[in-house]
Amino acid sequence: MHAISMLIVSIIVLWTGNALAEVSVELAASGSGDVIASLSGGSEGGRVVVPVGTIVSGGDISQQDLVLGQPVDVNLAPHERREVTVPAFCIHSSRGVPEPGLQMREVERADPTLVRLLSVQGQYPHLMQSAVWSYLDGYAPDDQARKVFLMAGVVPKTG
0 MHAISMLIVS
10 IIVLWTGNAL
20 AEVSVELAAS
30 GSGDVIASLS
40 GGSEGGRVVV
50 PVGTIVSGGD
60 ISQQDLVLGQ
70 PVDVNLAPHE
80 RREVTVPAFC
90 IHSSRGVPEP
100 GLQMREVERA
110 DPTLVRLLSV
120 QGQYPHLMQS
130 AVWSYLDGYA
140 PDDQARKVFL
150 MAGVVPKTG
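One point on numbering: in numbering that gives the first Met the number 0, the residue at position 62 of the sequence shown is 61, and numbering is uninterrupted.
Hints listed in this document are in silico derivations from the structure and should not be mistaken for laboratory results.
These numbers come from a predicted model, not from an experiment.
Please note: incorrect hints may appear among the correct ones.
Said to hold, decoys possible - Each pair of labels, with its calculated beta carbon distance range:
#	residue 1	residue 2	range
1	Val73	Asp110	22 to 28 Å
2	Ser93	Glu25	25 to 31 Å
3	Asp72	Lys156	29 to 35 Å
4	Arg104	Leu149	30 to 36 Å
Note that beta-carbon positions come from the ideal geometry of N, C-alpha and C, so glycine has one too.
Put together the whole structure using the sequences plus the hints.
Below you can see the structure in the form of structure tokens.
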């Protein structure tokens, strides 16, 4: 089994034989803050792994960047196509949600502290957006964000 890092830093495709060229990963905005990962297994199938904390962008500074709140780990059978909706959170509090279908590309991996905040997303999904903005923008967390910081064992930058 071989592994290669695709795009920039986080998306890993594991495959056997010569199937790498045929395994594809496309990311698009859902329009509701999530990311839709369209996966295709190629002639021999493969495994696609995208870690929590992967940051994706539409490529335009006017567009919202998103950070993936859950990991993707999908085994694909030969010729299988699958779409996976991945919870994601807006990075810029001053920008709106990306338009549905906007093609996204991976740009970087979140820093370890943000990844730790995202690790409790399953317990507090409705509180996470506030915590992400508080952490990234450096403003004092509101009561909702404080719960997330406390659960994740992260000290807010402010307040």
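For each hint, the structure was consulted:
1. In this structure the supplied range 22 to 28 Å holds for Val73 paired with Asp110, their Cβ-Cβ distance being about 25 Å.
2. Range check, Ser93 to Glu25: Cβ separation about 28 Å, and the 25 to 31 Å hint holds.
3. At roughly 31 Å, the beta carbons of Asp72 and Lys156 sit within the given window of 29 to 35 Å.
4. In this structure, Arg104 and Leu149 meet the distance hint of 30 to 36 Å, their C-beta atoms being roughly 34 Å apart.
Violation of the numbered hints given earlier is absent; every hint is satisfied by the structure.
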